[in-house]
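Q: Construct all of the structure, not just a fragment, from the sequences and the given hints.
Protein chains: 2
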Amino acid sequence: MEEQILGFIAGILTTVAVLPQLVKSWMTKKVMDISPFMFVLLLGGVGLWVIYGIIKNDYPIILTNGISFLLNSSMLLLMLLYKSKD
Amino acid sequence: MEEQILGFIAGILTTVAVLPQLVKSWMTKKVMDISPFMFVLLLGGVGLWVIYGIIKNDYPIILTNGISFLLNSSMLLLMLLYKSKD
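Residue numbers (our numbering), protein chains in the order written: chain A, 1 to 86; chain B, 1 to 86.
Any copy will do: because identical chains look the same in the list, a pair fits if it lies in one copy or spans two.
Below are the DSS-like pairs computed for lysine-lysine, each with C-alpha atoms no more than 27 angstroms apart in a straight line:
id, residue 1, residue 2
1, K29, K83
2, K83, K24
3, K30, K83
Simulated from the structure, these hints should not be mistaken for laboratory data.
A: Next up, the structure:
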């Protein structure tokens, strides 16, 4: 049982990790120092994890990686938006 | 078997995702626009995944998250190094 709680907390931390960056970029409108390829790779990875979770019918994997996919694509959108203004 | 390959590729993508950011920050020495809290949360998450993997004796989880832990701590170190120079 303990390891399930551990896995749940680990999943939440890695899922919401991009939030502070989203807030900072939203506030500062500055993204010059950030690599868009990091978020492209992350999107590719969590996207595949969602497909993996669907095949295995594993809801925690689908949910955590689905949220990650939304947060990381929002970050990529912000970068496209503000990159042109840098 | 296919989903194992899918999970393996997904794991590699999410593990190496921070590499382009590491290279960019190393080259530009500029980290002002990056949120250190993103990497603190990531470190916490992948650190817990390593402990989770050890408890469950799951080597793929230990390996991918162990590498992530090293890459993300290197990124945090770079940020501490260059932050003082910004």
